[in-house]
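**Student:** So you can see what is in the structure, the chains are spelled out below.
Protein chains: 2
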Amino acid sequence: MNTQNQNPAIILLNPQMGDNIGASARAMLNFGLTDLRLVAPRDGWPNIAATQNSAGALDIVKVTLFDTLAEASADLHYTLITSARRRDMIKPVFSPQNGAKELRTRTATGQKTAFVFGPERAGATNEDISHCNGIITIPTNPDFSSLNLGQSVLLIAHEWLKLEETMADKTLEMNDTFPVPHQQMDEFLTRLENELVGRNFFRTQEILPTMTLNIKNMFTRCDLSDQEVRTLHGIISALISPKRRS
Amino acid sequence: MNTQNQNPAIILLNPQMGDNIGASARAMLNFGLTDLRLVAPRDGWPNIAATQNSAGALDIVKVTLFDTLAEASADLHYTLITSARRRDMIKPVFSPQNGAKELRTRTATGQKTAFVFGPERAGATNEDISHCNGIITIPTNPDFSSLNLGQSVLLIAHEWLKLEETMADKTLEMNDTFPVPHQQMDEFLTRLENELVGRNFFRTQEILPTMTLNIKNMFTRCDLSDQEVRTLHGIISALISPKRRS
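Residue numbers (the working numbering), protein chains in the order written: chain G, 1 to 246; chain S, 1 to 246.
Because the hints were derived from the structure by calculation, they are not lab data.
Remember, it's a predicted structure, so these values are computed and weren't measured experimentally.
Keep in mind that a hint or two might mislead.
Same chains, same names: a pair is fine if it fits in one copy or spans any two.
Lysine to aspartate or glutamate pairs mimicking DMTMM-like chemistry, simulated, CA-CA at most 25 Å apart [unchecked claim]:
{"hint": "1", "residue 1": "K62", "residue 2": "D143"}
{"hint": "2", "residue 1": "K62", "residue 2": "E193"}
{"hint": "3", "residue 1": "K101", "residue 2": "D19"}
{"hint": "4", "residue 1": "K101", "residue 2": "E164"}
{"hint": "5", "residue 1": "K101", "residue 2": "D143"}
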């Protein structure tokens with residue numbers, strides 16, 4: 001078990017504007033976060049606008065590039081994605097403060113975590129959301145809710161740092177379970193989907209994306225441990241093996 | 001007694017950049033605040049950069065111009081100013097969340113309140129700070145604490161809106177005192193200072209500013225009611241009147 005106590009990463013999905021990446025890096029460092037993971041930034045990387053708008057933060061914040069959210073979160077145990085409240089998904093929804101508390105509690109037991117942010121305007125896709133373990137919804141004026149990316153990162157990172165003093169000594173109160181890293185969960189889900197496709201579970205092509213998302217959501221919100229996922233693999237293996245003659 | 005339940009005003013002291021005023025207005029409206037008071041903005045008002053950076057918020061946020069903080073806060077009962085922690089002043093210091101709670105509690109009894117922000121870079125002066133009833137310090141990474149004005153307003157306004165649901169029904173728990181508006185407090189302090197100057201209380205000119213600030217801080221943190229200030233006036237009047245012959 002990893003017992004190292006790490007701060008959450010910030011994952012930006014397909015960020016469009018270099019300005020916003022720079023502002024996000026600056027906001028991160030303001031509140032002590034230094035692990036920035038960029039998934040397919042529109043204008044590539046490095047980005048001059050990002051550097052200029054980071055007020056020097058990009059000298060310290062470590063940036064890593066990924067092609068997909070799955071790759072960016074492969075080593076992480078628990079991720080929360082910022083999104084408007086979703087009525088079409090069964091998914092835990094946190095306030096920024098409670099989301100930060102959840103990640104504090106988890107990092108205190110050595111879990112690796114991240115706050116995930118969708119791209120400007122379009123926001124996170126259903127696929128992105130179903131990949132993550134829960135949603136953070138920032139409360140805003142319903143008549144004027146236009147937070148930009150850098151502002152969203154700022155608010156969440158602020159909630160994280162705020163809890164630094166108040167959350168001390170929570171480590172001992174944690175129970176012993178350890179959730180599976182995203183990579184192993186993905187492998188499981190991919191295997192499951194393949195097995196299902198191979199058995200014509202999805203009766204039409206149209207139904208496949210929605211049903212796949214529903215399945216992902218179901219498993220990602222369960223907080224499964226490594227051991228439980230190994231058990232699930234075993235169950236699949238058993239189920240797909242030929243029935244023994246009795 | 002004013003029993004109307006009003007949101008806090010945002011007071012910006014000598015804001016320099018129109019961009020920051022626009023970002024502040026936008027952040028205010030994101031979290032439902034609409035009373036923006038500008039004290040002597042450097043580039044005058046209206047300001048094109050502010051309008052452009054407000055994402056339309058300045059169509060709804062009401063802007064009022066003032067020459068001084070005293071004028072901008074004349075009708076207000078309680079103000080908190082954002083500043084780094086001050087060891088040279090005896091003044092209540094709030095976290096953003098507790099500062100927002102304090103103002104929630106007060107507005108619930110009909111008090112008029114504001115969050116006050118000093119100018120970019122220079123920050124609030126000692127005089128500004130001593131005028132307000134308390135300080136809000138935003139916790140940041142000590143090695144990288146460069147929040148800009150719009151970001152500070154965003155964080156504070158977010159703390160305000162967050163409490164909307166959780167603070168319901170606090171009205172009945174309030175006690176009956178009502179703090180004096182700033183204007184009456186200022187009149188009292190000015191009178192006191194004049195009386196002291198006239199009596200050579202400040203032995204040197206150099207000592208006057210510091211001692212005046214200390215006196216202001218002492219009174220503004222006391223949460224005095226109208227009645228108590230009237231009593232203080234009475235005390236001054238009594239003290240300065242000639243001693244009666246016995």
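**Student:** What are the numbers of the hints the structure violates, in ascending order?
**Tutor:** 2 and 3
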